[in-house]
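All chains, full assembly: derive it from the sequences and hints.
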Amino acid sequence: MLGGEVSLGGRNIWRDATFSLEAGSITAVLGPNGAGKSTLLKVVLGLVPLAAGSLEVLGDEPRRGNRRVGYMAQNRAADSARSMTGRDYVGLGYDGPRFGWGHDRAKRAVVRDALALTGTTSFADQSLDSLSGGQRQRMALAHATVFKPDLLLLDEPLGALDLAAQAEIVDLINLIRDTTGAAVLVVAHDLNPLAPIIDQVLWIARHQVRSGTVDEVVNDEVLSLLYGHPIEIIITPRGRRVIVGLEEEFAHPHPHGHDHSNEPAHEHLAEVYDEETT
Amino acid sequence: MSLRDLLATAFVQHAFYAVTAVALAAGAVGYFVVLRRQAFAAHAIGHVGFAGAAGAVLLGFAPIFGLLVFCLGAGLLIGSAGADLDDRDAVVGVTLTAALGLGVLFISLYSGYANATYSILFGQILGVTWGDVWLVGALSAGVLLVISLTYRPLLFVSADAESAASRGISARAMSLLFMALLAVTTVVAIQIVGVLLVFSLLVAPAAAAEVLTRRPLRAMSLAMVLALASAWFGLLLGVWLGGPVSFWITALASSAYLGARVSAALRTRRAHRMVA
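First to last, the sequence lines map onto chains A and B.
For the first sequence, position 91 (counting from the first letter as 1) is numbered 90 according to numbering that gives the first Met the number 0, and the numbering increases by one without interruption.
For the second sequence, position 248 (counting from the first letter as 1) is numbered 247 according to numbering that gives the first Met the number 0, and the numbering increases by one without interruption.
Please keep in mind that the hints were generated in silico from the structure rather than gathered at the bench.
Cβ atoms here follow ideal geometry from the backbone N, Cα and C, with glycine treated the same way.
Do not take every clue at face value.
Computed cross-link-like contacts, SDA-like style, restricted to lysine to any residue with a CA-CA straight-line distance of at most 20 Å [claimed, not checked]:
hint, chain 1, residue 1, chain 2, residue 2
1, A, K106, B, F121
2, A, K106, B, L216
3, A, K147, A, T120
4, A, K147, A, E215
Label-pair distances were calculated between CB atoms; the ranges are [claimed, not checked]:
hint, chain 1, residue 1, chain 2, residue 2, range
5, B, R36, A, D103, 48 to 58 Å
6, A, A159, B, W129, 27 to 37 Å
7, B, H271, A, D124, 31 to 41 Å
8, B, W129, A, G118, 53 to 63 Å
Right under this line is the structure:
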């Protein structure tokens with residue numbers, strides 16, 4: 000993306016976004032609630048147009064229905080407890096968009112491969128509403144990767160999971176990247192669980208987007224500049240980053256965007272306590 | 000007159016063909032009503048139809064034309080608002096109330112006999128003519144044809160609208176299409192069981208099927224079979240034992256749902272006992 004800018008309903012979401020994703024790399028999209036992280040994914044999907052700047056997705060214009068782009072939405076079916084099996088749900092990722100009659104013979108094998116890759120085969124024939132949160136998330140990943148996409152967009156894949164389940168999903172994202180060689184873009188509200196596997200960070204805040212390696216972006220200087228007030232990063236002995244100075248930002252999220260009301264206000268501080276209690 | 004003689008009469012035969020067509024369409028559409036949690040919209044469309052039928056009678060047309068116009072109008076209205084889930088219930092509720100108000104007005108203006116109103120509310124399957132059979136059959140076949148062609152995208156968008164959107168399936172377009180299908184199905188179902196009992200064919204069989212199986216295609220087929228069984232046996236019992244056919248159909252379809260819930264509960268309990 001080169002100088003990308005997005006407006007929704009006449010309001011500027013972010014501007015001057017310039018970044019690129021390497022094949023086989025993982026990029027975390029971070030920032031406060033309502034900063035436009037999910038919007039970024041929708042721009043890449045061709046669901047939201049750029050107001051300015053340009054974007055090339057896998058050497059092409061962004062367009063809907065591109066099979067080479069896999070997408071796992073935030074409010075996905077797996078969470079609304081629909082009464083179908085995981086196998087059916089993954090199958091919809093394969094031929095769900097197709098109108099008309101007829102049965103695709105290749106479907107069975109493709110779905111089986113996606114289930115095997117994501118380790119979901121053993122519970123693929125249970126209904127989605129009987130699965131645990133982590134199992135549903137794995138199933139949603141199977142749904143998104145059924146075509147072995149070259150670009151995989153994941154919106155909050157770690158949301159509403161306990162720490163053990165988060166670690167499993169992070170391992171799975173890493174495995175999917177290694178197996179498919181896809182470029183992965185992961186929206187998250189917490190850097191630390193993803194830190195071991197990511198190559199790049201996009202930090203969106205106050206209508207601006209900063210990109211670079213974790214060290215390049217998540218440091219006192221860049222974040223202070225981005226937020227317009229002093230921010231300190233404390234690195235724990237285990238290499239985790241605690242961000243101080245964003246408490247207000249997270250306690251008063253922007254009034255638009257998604258409903259994260261059940262997330263703790265001091266998300267970036269939370270993992271330090273997790274470390275001690277687990 | 001023996002049961003066999005009764006079943007050979009023209010009005011029972013017309014009824015048989017009509018309920019067959021309607022039950023198949025209602026079972027298939029009903030599956031998506033249950034999956035999409037749109038029972039309230041289905042309820043509202045039926046009641047809006049009542050106003051349409053009353054208006055048609057007032058103006059001297061056949062009730063089914065008023066039903067079609069009003070149900071399709073309400074369906075498209077609800078469908079266009081329905082992509083936005085937050086205010087869907089409010090839109091449905093207001094549409095429902097406005098239409099019922101109109102219905103009351105139409106009835107008060109109409110000085111003819113009240114039988115027409117009664118049959119719209121409770122169905123009048125044994126008064127079906129050959130012309131009705133053809134109309135109902137053609138509409139039901141059309142609904143089934145469209146469902147069979149759009150089954151996968153409709154299932155996709157019902158299960159996961161955002162993922163479907165990313166793959167080029169518009170939730171709004173599918174919502175409009177589905178509400179149109181629902182409207183036509185409601186119109187034909189009203190011919191059999193009436194406005195007030197339209198759920199007996201539209202929701203009860205599908206709800207029972209959804210309890211019994213988690214595979215979408217199997218659940219939809221089962222909903223069609225249950226709706227068909229309720230309709231056939233309801234007709235048979237009505238002819239044989241007397242009593243309104245729509246009562247029997249409703250009783251059978253509700254029993255199917257109750258039975259499905261009980262059997263699912265027993266199965267869960269047995270599974271728990273085996274684990275313990």
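Status of each hint after checking the structure:
Proposed proximity of K106 (chain A) and F121 (chain B) is contradicted: the alpha carbons are some 46 Å apart, above 20 Å. As the CA atoms of K106 (chain A) and L216 (chain B) are separated by approximately 16 Å, the hinted pair is consistent with the 20 Å bound. Between K147 (chain A) and T120 (chain A) the CA atoms are separated by roughly 17 Å; this keeps the pair inside 20 Å, and the hint holds. Of the supplied pair hints, the one linking K147 (chain A) and E215 (chain A) is violated, its CA atoms being roughly 31 Å apart against a limit of 20 Å.
The hint said 48 to 58 Å for the Cβ distance between R36 (chain B) and D103 (chain A), and at roughly 29 Å that hint is violated. Checking the proposed 27 to 37 Å range against A159 (chain A) and W129 (chain B) shows it is violated: the Cβ atoms sit about 58 Å from each other. Taking the beta carbon of each, H271 (chain B) and D124 (chain A) are about 19 Å apart, not inside 31 to 41 Å as hinted. Distance hint for W129 (chain B) and G118 (chain A): a CB-CB separation of about 60 Å, consistent with the stated range 53 to 63 Å.
Comparing the model with each numbered hint stated earlier shows that hints 1, 4, 5, 6 and 7 do not hold.
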